[in-house]
Each structure stands twice: as C-alpha cells, then as structure tokens.
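Chains as they are written, first to last, in the numbering used here: chain A, 1 to 373; chain B, 1 to 258.
No lab work stands behind these hints: they were computed from the structure. Wrong hints could be hidden among the right ones.
No farther apart than 20 Å at their CA atoms in a straight line, the calculated lysine to any residue pairs in the SDA-like style are these [claimed, not checked]:
| hint | chain 1 | residue 1 | chain 2 | residue 2 |
| --- | --- | --- | --- | --- |
| 1 | B | K57 | A | P218 |
| 2 | B | K113 | A | G5 |
| 3 | B | K87 | A | I214 |
| 4 | A | K221 | B | L138 |
| 5 | A | K13 | B | D198 |
| 6 | B | K157 | A | P218 |
| 7 | B | K79 | A | E212 |
| 8 | A | K2 | B | K113 |
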Amino acid sequence: MKTIGYIIQKEFKQIFRNKGMLPIIFILPILQLVILSNAATYEVKNIKFAYVDYDRTSTSRALIEKFNASNFFKVLTDFPSQEKASAAMLSGEVDVVMEIPNHFERNLLKEKTADLSITINAIDGAAAGVESGYVNQIVHSFNQGVKMTILDTSKKVAQPVTIQAIPSFWYNTTLDYKTFMVPGILVLLVTMITLFLSGMNIVREKEIGTLEQINVTPIRKSQFIIGKLFPFWIIGMGLLTIGLILAKLIFNTPMLGSLLLLYTYTSIYILVILGMGLLISNFTDTQQQAMFIAWFFVVIFILMSGLFTPIESMPKWAQIVTEFNPIKYFVEIVRMVLLKGSGLGDILPQLLKTLLFAILMNVLAVWSYRKVN
Amino acid sequence: MKEENVIEVNQLTKTFGDFTAVNTISFEVKKGEIFGFLGANGAGKTTAMKMLIGISKPSSGEATVAGFDVYSQPESIKKNIGYMSQKFALYDDLTVKENITFFGGIYGLSRKKIKEKREQLISELGLENISNKLVGSLPLGWKQKLSFSVSLLHDPKIVFLDEPTGGVDPITRRQFWEMIYKAADQGTTIFVTTHYMDEAEYCDRVSIMVEGKIEALDTPKKLKEQFKVDSMNDVFLKLARIPSPTLPKGKRENTDCN
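Bound conformation, chain A alone (with noise of 0.2 Å):
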C-alpha cells in the first residue's frame, strides 16, 4: 500500500509539472462540450432554397411565399430556367431547387392536379430526407388552402375525412439536439482524455528509460500498475465534474436521474479504459505508436457508439460489434440516467457488462505487462 503512495504521489507531481499536458487535460475537454455541442447538429437549417417559376401566377407566387415563410427556407433565387437551376446547384449555390411548370394554376382549378418537381442535393442523403421531409409539409399545407379555395368556389365535392396523428415528444419535449448531444459529448470527454493520458504514460518511461529501471525493483507488477493509473481515474472523474457543471450551466441539460448513480457507473467505466490504455502500452515502444493505436480504436468506437448516429439503423453485424464498445454503453447509461431519470435497475444490464469489460481488460493489461523478457 505505501509503494502505491509512493508512485500516487510522483505521478501527480509530474502531471502538474508537465506544462504542455495541463492544458491538454484541462482546457481541451471544455473546448470539446461547448464547440462539439453546438456543431454537432441534426437539426437541417437555413436550406439553399431556389425555384423556377414558369407559371408566373398568383397562385406560383403564393407557393414561393409559403417557402419563404418557412424558417428553414432561405429563398435565394429566381432562376430564368432549369438550366440555370441546375448549374447553380453543381456549384454548390443551392441545395433545393423547385420548377414550377407552365399552366401550373390553370391545371389546379380545371384539373384538380398539378406537378410540382423539386430536385434536391441529396450527398448527404439523411440532410436530403429531411429537406423532402420540409418540402412535402409546405407543399401539403399549400394544397390544404388550395382545396378551400376550390371548395369556396364549388361546393359539391365532399370534403375528404382526414386522419391527423398528433405525437407527443417524451423526454426531450422541445426536440433540442443539444440536449442530445451534450451528454453524448461529455463521454467522448471523459474517454479520449484518459485513453491517450494512460496510454502514452508507460510508453513515455519505456521511452526515456525510467521503466527499465522500474523493472530492476523488487515491485510488484500490481503496485506500480495501480499505483499508475490512479491518478487517471481521478482525472477520469475530474472530467465528469467539470464536463456535468459545464453542461449545467452552459446547455441547462436536464439531469432527472441520480449522479451518484453516474458515477459509479463512470468509476467503473473508466477502469475499462485505462486497461485499454495500459494493454496498448504493454504492446508499443513509442508514444507515437500508442498514439496512433489508441486514435484508431477511439475513432472507431465512438463512430459505432450510438453517439452520432443510431445504433438501431446500423447492419446487422455491425450491431453485433456495437455489443464490445464499451462506449456504446456509457453513451447509453450517460443519456438515460441524466434525461430519463432511470434508477439502477434499468441500467444494471449495462453497468454489468462494462464491470465485466473491465475485470477482463485489467486481467489482459496486467499478464501482458512483463517485468522480464
């Protein structure tokens, strides 16, 4: 126990010591919460919107206001033709373009039908799906009010039954991405910082030559192990701190369920990773190998953490490799205990697997790291 102290002790010292690292462990993670939350953004604003008006009517023209109502329009232009349109659109100067064809209001009154024809950017097609999503809501509106019109003016046809479905937003009542995210960010935190802290720690002795010494003690493996990462875990935990605070004040994210209860779960987490971080210096020579290492697992995890995208909408097998990311299950836990409020019963399945990520990360990190060669 004292020469765990002792090791404690002389990491911290180094820790405060190391200039260059303070603000890396510091100022890098609140800069992360504020920038990411805010970028990090589902929400499809301020569309590039353009149209080509042939018809040139009143009705076209009340069509093109309702788009120019709309909050997430911005109406840029009126093209002359679709030619123009469409060049507009390979320049990037417009992401949605409707052509509104000749005989556009004449159709509509005799007919009872006109076409429409929109062309959106669809690069980013979960971007064009909304943008169509928009599109049909203002097309829709617009048809409502032309249908009383028509029957303003011709009373026979039966007004059609229409059945509307109301939802109701549980949660996240006002659809805030940021209430989302913030959480979501606040592991990705927590996790990069200690992952490549422990991670590059034991490399950077075998690099200057201190471990070697190390090794010539009578120490046991466990002592300068524990002794090691101590002081990780509780920079781990000083993140979650700063990270809840920040989220508190800056983003007023909900927290309805238990701290206490996140962070235990985050006490136990971290042990994942800093196993992962002691099993990557185990198996490097340099800190930049481990660096690399540990980018590429992060990168990866996070990208298959449900932090971003949805788990559910990803394939099959991919789902399947979600179940060995321990980060999906921090992402999870970390959004259901702050905005759900769910109680240690509803995330023991999580809290258990990652207990046993961690015992097995451990065992691994520490029968690979050998005192003898």
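For chain A, the structure is supplied; the task is to place chain B on it using the hints.
Frame of chain A; chain B shown alone:
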C-alpha cells in the same frame, strides 16, 4: 582462502532468433570485488547484464546472483542488487529529493530511513543547495553520481553499473571511481562495464567479451603479462574485434547501442 561467490554464471546463453548475443559464458564474482566487464560495442555485455539483473530471461545455462536463481527468483535478486543503466534513468521532472524519496519508497524503505538516507546522500554529494532543483537541470556528471548513489539506497549486496562514466569529464570520472571504491570497501560487490581502459586498470578482475563469448578473464596485471603488453588498452585491442556489420534485422535493439 575460500571466498564467497556472489555471482555464479555457468554456460549462460541468450539468443534472439538465430542470432546468439551471449554465447555460453561462465564466470564467478567474489564478494566485495570490483569486476570489470569489458567488450566492444555489440559484444553482448548489456544483454548478459540484463540476464543477471532479472529483466531478461536466459535462453540456456545457469546463473545465480546473491544466491538466487535468475530463472525462478528474479524478484529476490532485485531486492539485493542495485542497477545503473547506461541511459540516465532518474526522473528529470522530479527534484533531487523527490527522486531519492521515490526510489527509497519503492524499495520499501521506511519513511525514517528514507529521510536519513536522503540527508546523508545529499550532504555526501554536496547537493545541499540544489536538492530542490529538478534533476533535468543538473550537469551530466552530477546526474551520474546521483544515479549511482540512488542505486545504493537500499544497501544492495551487488551493484551493476552499465557504462556509468560514459560522456563524463575526467575529474568527475575520478570522483565516480572514488565512490565505487568506497562502496566496495563497505562490502558491496561492483559489477561494471566500461569502454575506458584506464578504468579497467582500477578493477580487481576483468573479463573481456568478444562477439558474445568471454575471451579473457583475470586480474589486469596477469592479463597484461599473458598478452605481453604494457596496458589494458593493448590487451583490449589484441582481443576485441569489431562485430560483423551484417546484424540480423531487429535483433540488436536490446544489446549495446550507443
């Protein structure tokens, strides 16, 4: 006069793939002796030393250090030896005092003992004024002397020094050897590798390693007689050959590399 052997090595061998770094070496080191372990760069000195200090498993052969077997009791060996590597291995970002405290702590010395040793060591080295300075800011010679003193903190039976005076000025080297003599007088066995042939003359006995084998082993005086030369330098030049440059790929990183 029957003297106690603190190191006994018999047919010790280390191979990396098809490259033999240390080839069936055998020797004994007596208690309190200053044993010089010489050889050209890449002759296998460091590899042999790493097997004796318990951080590298031998491929074959036998060896005991301080009465403990290198295969089965490396951790017991580590309690009884000190080691100073050719690469400076104290923490540059800790102060003189903190380094002493840390290494005293992981060797399991009591708090009181650490304090006592720390004060004694700092006054012996004359580091009173800079004991709170980061070790990284000290000149190399001082670092090496500090490093040697730290390797003696836990009163080891044997201390292994791997080219301790590399890159150090002649005056500091002389002071360093005075420290070595003092430790040897107090009964500590010194196992030292060096490239400086004047230092070889200071040793009680000297072995010369050539391409993984021990080619000569005796007192400096007898070696000079045997090879009919006037200095250890000439003995070394007669024996040591530059190792062949066609080294197997990636097999040498753990041997001498300066």
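Evaluation of the provided hints:
1. K57(B) <-> P218(A): It holds: about 16 Å lies between the C-alpha atoms, which stays within 20 Å.
2. K113(B) <-> G5(A): holds, 17 Å
3. K87(B) <-> I214(A): holds, 13 Å
4. K221(A) <-> L138(B): Violated, at about 31 Å.
5. K13(A) <-> D198(B): Violated, because 41 Å separates the two Cα atoms, which is more than 20 Å.
6. K157(B) <-> P218(A): This hinted pair holds, its Cα atoms lying about 14 Å apart.
7. K79(B) <-> E212(A): holds, 15 Å
8. K2(A) <-> K113(B): Between K2(A) and K113(B) the Cα gap is close to 14 Å, so the pair holds against 20 Å.
Hint violations for this structure: numbers 4, 5, all remaining hints satisfied.
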